[in-house]
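Take the given structure of chain A and dock chain B to it, following the hints.
Chains as they are written, first to last, in this note's numbering: chain A, -2 to 308; chain B, 4 to 363.
There's no promise every hint is true.
Once the Cα atoms are required to be at most 25 Å apart in a straight line, the calculated DMTMM-like pairs of lysine to aspartate or glutamate come out as [as the list claims (entries may be wrong)]: (1) 169/A / 333/B; (2) 192/B / 58/A; (3) 192/B / 126/A; (4) 231/A / 267/A; (5) 192/B / 210/A; (6) 331/B / 213/A; (7) 232/B / 26/B; (8) 129/B / 210/A; (9) 192/B / 267/A; (10) 192/B / 259/A; (11) 331/B / 173/A; (12) 231/A / 58/B; (13) 206/B / 210/A; (14) 192/B / 246/A; (15) 206/B / 267/A; (16) 331/B / 134/B; (17) 192/B / 306/A; (18) 231/A / 26/B; (19) 231/A / 188/A; (20) 206/B / 29/A; (21) 192/B / 28/A; (22) 192/B / 55/A; (23) 192/B / 29/A; (24) 231/A / 61/B; (25) 206/B / 138/B; (26) 146/A / 69/B; (27) 129/B / 306/A; (28) 45/A / 267/A; (29) 206/B / 69/B; (30) 290/A / 50/A.
If you're looking for bench data, these hints aren't it; they were derived computationally from the structure.
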Amino acid sequence: MKKVLLAAGLAALMSSSALAETIGASIARFDDNGLTIMRNGMTAHIDKLSGVELQMEDAQDDVARQLDQINNFIASGVDAIIVNAVDTNATEAMSNAAAAAGVPLVYVNRQPINLDTMPDGQAFVASNEIESGTLEAFQICRNLRAAGKSGGATGYLMNGQLSNQAAVQRSKDVHDVIGMDMCNFMTLIDEQTANWSRDEAQDLMTNWMSSGEPFDFVIANNDEMAIGAIQAMKAGGMDMAEIQVGGVDATPDALVAMAAGDLDVTVFQDLAGQGAGSIDTALALARGESVDKTVFIPFILVTPENAADFQ
Amino acid sequence: MANTSRGTGGLAFDPKKRSLPSELNIFIALILIVLIFEALGQILPYMNNQSFLFDTRDRFDSIFNEARLRIIILQVSIIGIIALGVTQVIISGGIDLSSGPLVGATAMIAMSFAQTELVNGNPNPKAVFGEWAFDLPVLIPVVVGLAFGAFIGSVNGMLIAFTRIPPFIATLGMFLICRGIAQAWTRGKPVSFPTDSFAFIGKGMMPVAWFIGLAFILHFIMRYTVYGKHTYAIGSNEDAARMSGINVERHKVMVYMIASMLAAFAAIILSSKNLTAQSGMGIFYELYAIAMAVIGGVSLTGGRGSIIGTVLGAMVFGVIQSGFTYIKLDAFFQLMAMGTIIISAVVLDKVRQERATKRS
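Only chain B is shown next, with the shape it has when bound in the complex:
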């Protein structure tokens, strides 16, 4: 079985022709970036031979600077969760631009049901609803948030599947609608001071645990279930998928719904981590999430990519972000440097891929 049906589109699978996994490219890029920062730490005169990833001040038991390793992944975990959802959308041949504003809207809505009545013994200065909405069990804001995400996602999916408008436009419209909902919910006022149980969802390294856990689940789904296989099939060739009996419309609705639910969950973690929800939350998240997937080797034309790649793509972002503060790069140059690194990483991937195709 293993040597006949692993490829997409029913192509025969020949283990001898199998090249290295494409995720290797991005892993190499990741190592390269780390090495560059490590070298800069040695070269730049003001760095005092500090190391990027290793413990040079003897603060930790291991040889690594554990604090740095933690923040590298922590700071990309929340957008990373969105990227997991976006990955399956892009693999199915679509795109989702609405995730960033959806984060803002979901955070506002969920946090309104997670407020605590007393803050240091004083009444909550940010109360959205009356008495009844204080100190609710943590399940309520989470379910409300996820339900809102599912709703937005299914609207996205139905628009794309049934009215056939391009995903770019459908989700761009939803992008504006969600940002509008976020702002209108409390007329722009932030919502703060959640219950302790809600605050636990995103406390400390919890976002990382969610990210890794969800990545495992998504990886399993995309790799080993019918859902995953159909997603790849639709992204590779939609007409062929339809003719082979896949209910493409229903599947697309599912894909967008899952993506939006993941974005909604990211919003819950984000507002819990920050102990506040603000209508401006999630700015550019949709673009960073897409960029993480693309850096990780997910093809914007659909049908190609993997969850592992996206996780590595997220790591690239984390390393860059930490690296910039590590070498104390002037804030005014960071965006330029980041853009350059992103483009280089994708170019490297592309070149190696083309070489691989030529070989086979």
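Isolated chain A, as found in the complex:
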């Protein structure tokens, strides 16, 4: 009887505040812009949860240091570990160390090399690149239809670095969207690379305009190139209200261009959302709930209507 009471008491105690769950997080670098947004998303999310503690470490871009941090987390008995990998090729050892100790592990933002062979109790939280180009191109398509151009619209596609996976994926998404029934009124006059750069995009756009061919839209793989295209078009005396321009990233410069009515569409990678998502996933794993191996935090479409939320 005594024992039962004790157990019940303990259980009651644990289910209330005494159950402080601890999560250890190792971030590749604290001074990286994007990762800082993600980090702040993690701390903000922790503040909203009661009874969860977050211990965050800076790996300072050092693979060995990161592995030491993980082993230290394991030694101090954390309930789950979050890793933003310094080197995504070095995640095998981290997975093994955590799995051997039976501690759940969540990779965030950077895709681990061993994603397909990850042991149970581990997951990967990030955004799926396939969404960004699709959201961008589809919104341009909708805007063009709304502008009464569904009878046929022509335009240009600016690629990022041809050797970059994100650039290749985003361009492929644009082609896929244009292949849909709803958007097949769109035709690409030409696509070229401007290497993510505003300067190259300016020159490329001016070159395109020098052919004198009329066009209705410019889709760029990132905001910098979209801004370069806008600068070239404005220098060429074009009316930006007539041309649909899209980018990806929702950078501060892009939001200013959007406020000025020049940029029509951009896409936001929700880094803070990734940070919060990694906490939720880590907690779910620690509580023994089943979690998908990959958890995708959606990209967010940014248009003049909601642009103010991102400034």
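Just chain B now, kept in the frame of chain A:
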């Protein structure tokens, strides 16, 4: 006077033996490339008989496609300015690899002093310094940028002149240092939103005006001043130059300093044109600048070349770049095609030159 002392190294000058200027080679190459693109425009089925340089859609008053002519020169003006400086470095027998990263570093530094306080009525989201650095007169970022260029250039020059390390290594080291400065300045964050007066420096066709103006000045300096003659003399034969009383060390410092100041000015124009400065700006600029000079007939062994040649070399790049978008060449093949054209142009120059030497 004209028939005795125009040649380098004090060689007698005989007007009868004078062959055509070597810049003619590169001019012929330029015309050839234009003709190839013009022909491709007629041959390729999807081009609808559009012309490369001529106005086939009746958009302009003249017979030329003015928009195309403008972009051909506009897109090479900024690297062209760097190439002017590199030209005199190569003529002096050296090389400057640091110009590309110097562009990145100077752009970041200069733009930090050119920011405006309010962007569309909102505070500048990219502010580097505090209140005091907003809306400064345009002279400040320009002077700061040029001073930084002069500093880097004089370090380059002093390393090369006094420690005698090869220019390739000295400027390669500076290449890394400058890229590091560019990245460390704001820890990789871009610097944007300049004042209107700063934005004017690179607005519209301004880069072309700077390029042409500076080319004229450099041409004059290299051709008609003591500075120019000494540069050629050092590049042709450094020991002979020293023995004839030229202060080679001091001159080398000047050469590198002028080259870096031109690169710094290119950076100011570039960041003004783009209304932003980013640490990754100027990637490969040093190599393109060297290539423009070499295509223009500047000899990497020193002592030979001219500013006119380099300007023509820059034009070759501009024509190629515009030509590729004109014929809608698949982006994946452009680098290969560009490499091939560059090599062909230099080979053509070399062959014609060797023939000319044999004749004389």
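Do the hints match the structure? See the list:
no.: 1; hint: 169/A / 333/B; in the structure: holds, 15 Å
no.: 2; hint: 192/B / 58/A; in the structure: holds, 18 Å
no.: 3; hint: 192/B / 126/A; in the structure: holds, 23 Å
no.: 4; hint: 231/A / 267/A; in the structure: violated, 31 Å
no.: 5; hint: 192/B / 210/A; in the structure: violated, 36 Å
no.: 6; hint: 331/B / 213/A; in the structure: holds, 18 Å
no.: 7; hint: 232/B / 26/B; in the structure: holds, 19 Å
no.: 8; hint: 129/B / 210/A; in the structure: violated, 36 Å
no.: 9; hint: 192/B / 267/A; in the structure: holds, 19 Å
no.: 10; hint: 192/B / 259/A; in the structure: holds, 23 Å
no.: 11; hint: 331/B / 173/A; in the structure: holds, 21 Å
no.: 12; hint: 231/A / 58/B; in the structure: holds, 22 Å
no.: 13; hint: 206/B / 210/A; in the structure: holds, 24 Å
no.: 14; hint: 192/B / 246/A; in the structure: holds, 14 Å
no.: 15; hint: 206/B / 267/A; in the structure: violated, 35 Å
no.: 16; hint: 331/B / 134/B; in the structure: violated, 47 Å
no.: 17; hint: 192/B / 306/A; in the structure: holds, 21 Å
no.: 18; hint: 231/A / 26/B; in the structure: violated, 37 Å
no.: 19; hint: 231/A / 188/A; in the structure: holds, 20 Å
no.: 20; hint: 206/B / 29/A; in the structure: violated, 32 Å
no.: 21; hint: 192/B / 28/A; in the structure: holds, 11 Å
no.: 22; hint: 192/B / 55/A; in the structure: holds, 20 Å
no.: 23; hint: 192/B / 29/A; in the structure: holds, 9 Å
no.: 24; hint: 231/A / 61/B; in the structure: holds, 22 Å
no.: 25; hint: 206/B / 138/B; in the structure: holds, 18 Å
no.: 26; hint: 146/A / 69/B; in the structure: violated, 30 Å
no.: 27; hint: 129/B / 306/A; in the structure: holds, 18 Å
no.: 28; hint: 45/A / 267/A; in the structure: holds, 18 Å
no.: 29; hint: 206/B / 69/B; in the structure: holds, 18 Å
no.: 30; hint: 290/A / 50/A; in the structure: holds, 24 Å
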